[in-house]
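K.L.:
This is what each chain is made of:
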Amino acid sequence: EAGVAQSPRYKIIEKRQSVAFWCNPISGHATLYWYQQILGQGPKLLIQFQNNGVVDDSQLPKDRFSAERLKGVDSTLKIQPAKLEDSAVYLCASSLDQSIYGLVWPQHFGDGTRLSIL
Amino acid sequence: DAKTTQPNSMESNEEEPVHLPCNHSTISGTDYIHWYRQLPSQGPEYVIHGLTSNVNNRMASLAIAEDRKSSTLILHRATLRDAAVYYCILKTYNAGNMLTFGGGTRLMVKP
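Protein chains in written order, with my numbering: chain L, 1419 to 1536; chain D, 8 to 118.
One should not assume that every hint holds.
Stated by the list, open to error - Away from chain L, derived, C-beta distances all over 10 Å, residues of chain D: (1) ASN20; (2) GLU23; (3) LYS76; (4) ILE81.
As the list claims (entries may be wrong) - Straight-line Cα separation of at most 20 Å, EDC-like style, residue types lysine to aspartate or glutamate; simulated pairs: (5) LYS1429/L - ASP1504/L; (6) LYS98/D - ASP1475/L; (7) LYS1462/L - GLU52/D; (8) LYS98/D - ASP1474/L.
As the list claims (entries may be wrong) - What follows is a set of in silico ranges between Cβ atoms, one per label pair, in the way DEER data are often shown: (9) PRO1426/L - PRO47/D: 14 to 24 Å; (10) HIS83/D - PRO1479/L: 36 to 46 Å; (11) LYS1462/L - SER35/D: 18 to 28 Å; (12) MET17/D - PRO1499/L: 40 to 50 Å; (13) HIS26/D - VAL1522/L: 20 to 30 Å; (14) ASN61/D - LEU1514/L: 23 to 33 Å; (15) SER1445/L - LEU87/D: 31 to 41 Å.
Just so you know, these hints were derived from the structure itself, not from any lab. As the structure is a prediction and not an experimental result, all values here were calculated from the model. Glycine included, each C-beta is placed from N, C-alpha and C at the ideal position.
Okay, chain D solo, but in the shape it has when bound (with noise of 0.2 Å):
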């Protein structure tokens, strides 16, 4: 799987939008591009994923750029409950389903 790049730590004040970059220059037409978070002491819970097309759902946003070098998960009003480790991870479209973790984004929530 090709690999991401995300900023170790990003701060962000509650109730105000976070934006989390993540690079994958050398993505494959097949990879989809997922999202996970890790709050402290609990395993990592999945947040979003998508091909090409910018997704939303209930938790976040993913935005894909046009080339798919690049996205941005987006948290539209941030909370204390959402600080925690993100992970950018990029999986090959086929039948294994396999997540190699990178070491993600801390996101720190302040009051």
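Just chain L, same shape as in the assembly (with noise of 0.2 Å):
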């Protein structure tokens, strides 16, 4: 089966730019995630969405990241502007549908989208 796709696979910008980022998930897979990796840590997730609706958006910094998942498939992230500490790679990842109670599926990852803000 084909991967999370994900574009560009490289992004400089300056600070204050805008920039947008794509994903396109595994077919079927009903759950889409967006995780931010800065240097030497591990992933941390910005926002989880369950087909085009959003489950988990707490990690978002909202004054200037946003994502929508139209028709439940394809996702976008962006940001708007950019500060120099978002220089980090962007994962995308999906899984079938968690909202079904008990069940434990792996996520699928892309392998990211590496932002450099000047």
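Using the hints, build the complex out of the two chains.
P.N.:
See below:
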């Protein structure tokens, strides 16, 4: 099966500019996640979608970050305006429906977008 | 979710078994133990998970202590491709599936 696709692979912008990342999950996966991974640290969840609804966005800096998942498939994550501390790898992951109580599905990750802020 | 403790780094020789430890003394009865690994310049990859009994799959084995306060990921024959950061994560048995990653263990494999 095809994996989680992310683009672009790399992005370099100046602070205060805007940037957007795109994610195409594995076909049939209802749950989609965006993580931020700062160099030397483990990934940190930013937002979780179940189909096209938000399940958890408690760690998303909503003053500058936004995300959407129209039609419950592809998703975009946007940063506007970017700050120096946003330099990180942004990872998208998907899994089968996590809303079904008692089932533990693995998450499948893309290779991420490496964002550098100058 | 309860916290896990892992060594920062470990070394292994190629083709030898590797035992990666994880302590989770505050684990609750509904916490699953998950292991993911992250190869250089790639996203994390699911390895294995378990609740109480030892688990085996094509990638690794998971040995869970009887009191569940610790677990060990076992790679039976390390290869150079197994060099990665290995994360031990506890996940409560409920509808949410957020993973809380710690710092993990960086495994280095020597030829």
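K.L.:
Run every hint past the structure and note whether it holds.
P.N.:
Against the structure, the hints:
no., hint, in the structure
1, ASN20, "holds (26 Å)"
2, GLU23, "holds (26 Å)"
3, LYS76, "holds (20 Å)"
4, ILE81, "holds (19 Å)"
5, LYS1429/L - ASP1504/L, "holds (12 Å)"
6, LYS98/D - ASP1475/L, "holds (18 Å)"
7, LYS1462/L - GLU52/D, "holds (15 Å)"
8, LYS98/D - ASP1474/L, "holds (15 Å)"
9, PRO1426/L - PRO47/D: 14 to 24 Å, "holds (19 Å)"
10, HIS83/D - PRO1479/L: 36 to 46 Å, "holds (43 Å)"
11, LYS1462/L - SER35/D: 18 to 28 Å, "holds (22 Å)"
12, MET17/D - PRO1499/L: 40 to 50 Å, "holds (41 Å)"
13, HIS26/D - VAL1522/L: 20 to 30 Å, "holds (24 Å)"
14, ASN61/D - LEU1514/L: 23 to 33 Å, "holds (25 Å)"
15, SER1445/L - LEU87/D: 31 to 41 Å, "holds (32 Å)"
Consistency with the previously given hints is maintained throughout, with no hint failing.
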